[in-house]
Amino acid sequence: MKKTSHSLITIVAIFAAAALMPFVLRQYHLNMLTEIIIFALYAVSYNLLLGYAGLLSFGHASFFGLAAFATAVAITHIPGLSIWSAILISMAVTTLAGFVLGGLLLRHKGAYFALLTLAFNSILYAIATKWHSVTGGDDGLSIARPDLTLGFTTISIAGLTNFYYLTLIVLGAAIIFCWYFTKTSMGQTVLLMRENEERMKFLGYNTNISRLILFVFAGAVAGLAGIFYTFHFQFVSISAISIDMTTTVLLIAFVGGTKKFWGPILGAFVYIILQNFLSDITDRWPLLMGLIFVLMVLFVPGGLSDVISNLRQKIFGRKNNKNGKLTTAEELKS
Amino acid sequence: MNEFLVFFLHGLAYAGLLFLVSAGLTLVFGMMNVLNFAHAAMYMLGAYFSYTIVMQMTGQFWMALMICPVILFVIGALVEKFLLRRVHRYGHVQELLLTFGLAYIITELVKWYWGNYPLAINVSGFLNGTVSIFGLIYPIYRIFIFICAVLVGAVMSLIIYKTRLGIILRAAVNDSEMANTLGTNVPLVFMGVFAFGAALSGFAGVIAGPLLSTFPGMAQEILLDAFVVIVVGGFGSLGGAILASLIIGELQSFGVLLFPKLSMALVYLLMAAVLIIKPSGLFGEES
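Residue numbers (my numbering), protein chains in the order written: chain A, 1 to 334; chain B, 1 to 287.
Some clues are possibly wrong.
Below, a list of computed lysine to aspartate or glutamate pairs in the EDC-like style, where the Cα atoms sit at most 16 Å apart [stated by the list, open to error]:
| hint | chain 1 | residue 1 | chain 2 | residue 2 |
| --- | --- | --- | --- | --- |
| 1 | A | K109 | A | E197 |
| 2 | A | K109 | A | E198 |
| 3 | A | K130 | B | D175 |
| 4 | B | K111 | A | E197 |
| 5 | A | K259 | A | E197 |
| 6 | A | K259 | A | E195 |
Treat the hints as calculated values from the structure; they're not laboratory data.
Keep in mind the model is a prediction, meaning the values are calculated, not measured.
Let's have the full structure, built from the sequences with the hints guiding it.
Structure, rendered in structure tokens:
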């Protein structure tokens, strides 16, 4: 009980601090913060697969990019489309794609699954490149952010500050919902499936359905991040659905650490700030990011969040998650 | 009729290249259970080393064909010994991530050193010539590719199924602990397998250089087709790789002839169909 109120206080504090940011930060940094929130949600959705279910996907950009394109295409072709309808359409497209891809690919495990997700990501990328009349091909699509209609009033989100607040509220809520999801019995089922699937089957759980639901859910959340990516840059190009976008989310999740829920959020902060910093000083920043990634795989397989919680454990002597895997202790013991 | 023959031969040449790339991939996967995402990046390295050797240093294509696999063999051995083996105990996810990261780094290094634009590699002499087949003038080089693939496939099958080395290999795969106890140096075997896979990818890269253009995106291009080959043929199956390479090579070739706009889609439709009907692939064992 005490733990829940702890988390609640933390969440409120983070939101309050984030709400003050437009008064503190300059435009450039506020821009960066918006991007961080978007990528944090994207990485959190990825970690639902990797950290919680143990599913290594190399095709998460499929959902991110599909939603990003769906938004841009819908806004371009349907005049007067409200922002909510645009979001709804794109989420519907991603959810549908999640069902199709999940149905086809989830029968496979481990390396097979990784390879197949990569293959399907590449197919979508190829389609986006070739289908010039819809996606704009290499040129991409430019859009203007539609106004935010709230029924009683309409707010323009063309300016950065308003858009930042919208992003903070919607995506922040989505991140909290993901956290809540991991605490539900559904989320716990997925966790236990990772530990011992056979046993879960014996206990009468339909593990295939659970995995499919998780896959679709993670895809839809990644889609939401993709939608805001399009809104943020007011532009979408084929890079949104490319393998590089999957690499990005992998890097973020991995740098932050997949063993904690907040790992990928931390990762998004580190990644975006580091990327901005490195790209200022050298054109070879992708190489440096790659080196950092490989070094982390070799020497810090738990990511930064693991390092931090180990430190905290050493300093405060607090009891930590036993084997370091994502769990809620009580559930696994029983 | 002539047109049909041309496209058939084109398909064979591409099938040969596909087999050379996917053979190494499927070998490493079948033996070590590691899906090497860096395989295509090593193939690209092979092509670029070949560019340096042929176009900038010697002018001899044969030199590249002999030297590049050796370089890649060494690189593969080093990668296995100092990187892959370290993360092995963390599990398969870490191994995949490592090879993925390596592929990323190699691509960036290639862009840095050779530039982010296409380079042409020319072959000279005998290979640059043409030959007449049923009255059709056809470049020797493409036929050479197919012959190379047949030779590599034959040698690999012979080694794996007919020699003592093959027995050791299969034993190490089947039960590595038991093989280790009985005196086989299993880590050395795995290092050898990985290095051989890398050498094979380098060889394929050299072969691909004059056929396709050499540019930093070539790894991703072939990787996708090679993955399709492995999925269709069955993971880790050499026979499956041979059959699937032929199917996909011809499908690509005739796809361009029959449905110019849909040629890429045909290959993916085939993959999707295989996934639905027989998820383990044509020759694969049930996972």
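Evaluated hints:
1. A:K109 x A:E197: It holds: about 12 Å lies between the C-alpha atoms, which stays within 16 Å.
2. A:K109 x A:E198: holds, 14 Å
3. A:K130 x B:D175: The hint is violated at about 47 Å.
4. B:K111 x A:E197: violated, 44 Å
5. A:K259 x A:E197: violated, 19 Å
6. A:K259 x A:E195: It holds: about 14 Å lies between the C-alpha atoms, which stays within 16 Å.
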